[in-house]
Amino acid sequence: MLFELHNITKTYGKVTALSGLSVAVPPGAVGLLGPNGAGKTTLIRTLLGLITIESGSGEVFGLDLHSRRLAIRQAVGFVPEDECLFPGVPGVEFVAYAGELCGMCRPDALQRAHEVLNHVGLGEARYRLVESYSAGMTQRLTLAAALVHDPRLLILDEPTNGMDPAGRQEMLELARDLAHSKQMSLLFSSHLLPDIEYVCDHVLVLGRGRLLLQGQIQELKDLHDRCYEVGVKHDARAFARRLSDAGCRVKDGDHRLLVSLPPGQSEEVFWTLAAAAGEQIRHLRPQRSTLEEVFLKALEKDAA
Amino acid sequence: MPIFDQGYQHWKGTLSGRGWRWLAVARHGLRGQLKGWVVRILLLVAWLPALALIVALALWGLFEQGAEGVLSLLQPILPPGISAAPHAYRQAIWTIAYSTFFKFEVFFVMLLVVITGPNLISRDLRFNALPLYFSRPLTRLDYFLGKLGVIAALVAAVAVGPAAVAYVLGVCFSLDLSVIRDTWRLLPASFLYGLAIVVSVGTLMLALSSLSRRSLYVGIAWAGLWVISSTVAGVLGGIHREALYHKLWQEEMGQGNTERPPHDESPDPDQASMEGRQQSRAAQGAMREQVRRRVERAEAEAAPTNWRPLCSYTANLQRLGEALLNTDAAWVQIGQAVEGPRAALWPLLGGRRARGSDAESASINKRRLADQLVPQYPWIWSAGVLAGLLGLSLWTLNTRVKSLDRLR
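So the sequence lines, in the order shown, correspond to chains P and F. Going by this note's numbering, 37 is the number at position 37 of the first sequence; the sequence numbering is gapless. Going by this note's numbering, 353 is the number at position 353 of the second sequence; the sequence numbering is gapless.
Among the hints, a few may not be true.
Each computed DSS-like pair below joins lysine-lysine, with the alpha-carbon atoms no more than 27 Å apart [said to hold, decoys possible]:
1) P:K251 <-> P:K297
2) P:K251 <-> P:K182
3) P:K14 <-> P:K221
4) F:K12 <-> P:K14
5) F:K12 <-> P:K182
From chain F, some residues computed to sit far from chain P (all C-beta separations above 12 Å) [said to hold, decoys possible]:
6) H10
7) I77
8) L138
9) R181
10) T231
11) R292
12) L310
Label-pair ranges, simulated between beta-carbon atoms [claimed, not checked]:
13) F:A302 <-> P:L70: 54 to 60 Å
14) F:P378 <-> P:P90: 49 to 55 Å
15) P:R285 <-> F:L15: 48 to 54 Å
16) P:K297 <-> F:L15: 28 to 34 Å
17) F:H87 <-> P:L70: 30 to 36 Å
Hints are computed from structural coordinates only; laboratory data are not their basis. Remember, it's a predicted structure, so these values are computed and weren't measured experimentally. Quick reminder that beta carbons are idealized off the backbone N, C-alpha and C, glycines included.
This is chain P alone, in the form it adopts within the complex:
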């Protein structure tokens, strides 16, 4: 397992940030979703051993959360949400310093700093003072600093916040590449569902400090059993009436019909009815939820 938490509770005064959270997450690219105040940042800080939890236990890479905090941080790279800088140094020194703080000797740290800066696309700007970097460059710089000691788990807390579309896409590409081509585990916290969907395979949905939903994104999106999206060439309404007469439940979607087949009926019925009506089927595919629908459903269920 990448990490396992058992009944973790963390409060800040009257605010309960995590409430009896138990979760086991496999290695891979994991998205962390949740509305504001859901406990995402507290969960990340718990994993990094930065906070003292009131109750519960847990492990990251089999290392105990309570007793092996520094060992966990050694194995993890973290890109914080806010703009953070070691001031007064050029980019390459910044990244090398991050490596030295993790225990790398200076020559190794410098060599590695050049490599990771090239990887994140800051090779040309490596000798510029970090204070002169734009928001997007700063974010890539902190990513480079998180990668310098080659962590087994990379935690990205809202990494695309405040970035322009091009910068955001580059950051997503980098994260995706690390997770899928370089076998680095990733915990990607974001409000932006498309970002999570693009980068991650697995998702955790938090709400009010509790786990609302967890699983492989593809599996969560395949919830609509025997539902199809159907598009026809001519008269969609007439075709919808025919489907209803055949016992199907039909809803109007955006330019598509959303059709639920009754028990015992197969998708052959679409072709049969279309042939009978002289209609052409232009679009037919099993209906899948978007991640947004999955997320909203989880929140609605929690609110209920």
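Using the hints provided, position chain F relative to the given structure of chain P.
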């Protein structure tokens, strides 16, 4: 787009143990500080007292060996007792040389710290660097030790290091290994004093640096602490001395009026007036001398309980240094050699005679130099003040540089 893009490569190197992580912080901080030309120039200037110390110890070594050039240079200015047996005064001379050296270096340390220290934490707060530190395998203690290490390196560079080098060179120039037997205590005392300076000055500066995100304000606060505390101590000491002088002057005036003999009637009024003025001036001069000596005595008596220097931060540091180096004993020994000839030569040097003070003028006060040049209040008071400031600094650091165990 690079022609040959290797992409991300895994790293297979080894990481050092956690015990030395603070060293990375210290190295990084020091590298940053030494980029500034002001710091580099100040370091060079701060080595001048070290140069003077080396010259002083070398000269004394040569003087002990009876080198002619040095003898002709030093013999006229040294008391005969010291010139006759320089070996006996070796420890005292070395101690005084080290004490003087450290007085200068405390000044330079304060100056270096005001230039390099304000940035140490305030800039990290301004650029929100703490999450970057604490999300790595680094504790808050490592962070503080690293920042303290920057100040420690500077103190070592201007005070402790030169003191050690001067010691070695002093021993070399003396060509006598018994020097080590007589003076070895200076070496651990210098290290301990350097450590005390690092801990006190370092934590105080770090605490001030953690109070603001603007380094300028921190620098002003430090300069204020240094200058104002010294000024307050000086003013309080001055007021005390003036009040004592005034009180004793009034007492002397009262006694003078009752004891003054009546003027003889002179047949010439002008001559009588002139003689009267001369007598009056002589009496006033004698009275001033008498008061001055009484003030000196009263100050010496009150010195062990004089708390006023405690208001000065640097005076407290120096008091600790005097205690560690045992400067008082050194000045007492020198006082023995200086005060004998002084008492014998007192009448020849034109020392004014005050009422009933001939015996006092001629008497030998071995402690006179020590009382004047070394603070006499208990060193533990200064240690207490510095310990209090240390506690306050640690509390401030603990409060201001928080871990990330907070909601926002």
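Consistency of the hints with the structure:
As the CA atoms of P:K251 and P:K297 are separated by approximately 19 Å, the hinted pair is consistent with the 27 Å bound. Proposed proximity of P:K251 and P:K182 is contradicted: the alpha carbons are some 43 Å apart, above 27 Å. The hinted pair formed by P:K14 and P:K221 fails the criterion: a straight-line CA distance of about 36 Å is larger than 27 Å. Straight-line distance between C-alpha atoms of F:K12 and P:K14 comes to about 45 Å, which puts the hinted pair past the 27 Å bound.
Distance check on the hinted pair: F:K12 and P:K182 sit about 14 Å apart at the alpha-carbon level, within 27 Å; holds. Its closest Cβ contact with chain P, about 5 Å, brings F:H10 to no more than 12 Å, contrary to its assignment away from the interface. At the 12 Å boundary, the C-beta of F:I77 stays outside the reach of chain P, the nearest C-beta of that chain being 51 Å off. Chain P draws F:L138 into its interface by the beta-carbon criterion, the shortest separation being 6 Å against a cut-off of 12 Å.
Remark: the non-interface label on F:R181 is consistent with the geometry, its nearest Cβ contact in chain P lying 43 Å away (cut-off 12 Å). A cut-off of 12 Å between C-beta atoms confirms that F:T231 is not in contact with chain P; the least separation is 34 Å. The non-interface label for F:R292 is consistent with chain P: the shortest C-beta to C-beta separation is roughly 56 Å, beyond 12 Å. For F:L310, the requirement that its beta carbon stay farther than 12 Å from each beta carbon of chain P is met, with the minimum near 38 Å.
Taking the beta carbon of each, F:A302 and P:L70 are about 56 Å apart, inside 54 to 60 Å as hinted. For the pair F:P378 and P:P90, the beta carbons lie near 52 Å from each other, so the given range of 49 to 55 Å is met. Distance hint check for P:R285 and F:L15: the Cβ-Cβ separation is about 50 Å, which falls inside the suggested range of 48 to 54 Å. Range check, P:K297 to F:L15: about 44 Å between beta-carbon atoms, so the 28 to 34 Å window is missed.
Checked against the given bound of 30 to 36 Å, the beta carbons of F:H87 and P:L70, roughly 57 Å apart, lie outside it.
Violation of the numbered hints given earlier is confined to hints 2, 3, 4, 6, 8, 16 and 17; the remaining hints are satisfied by the structure.
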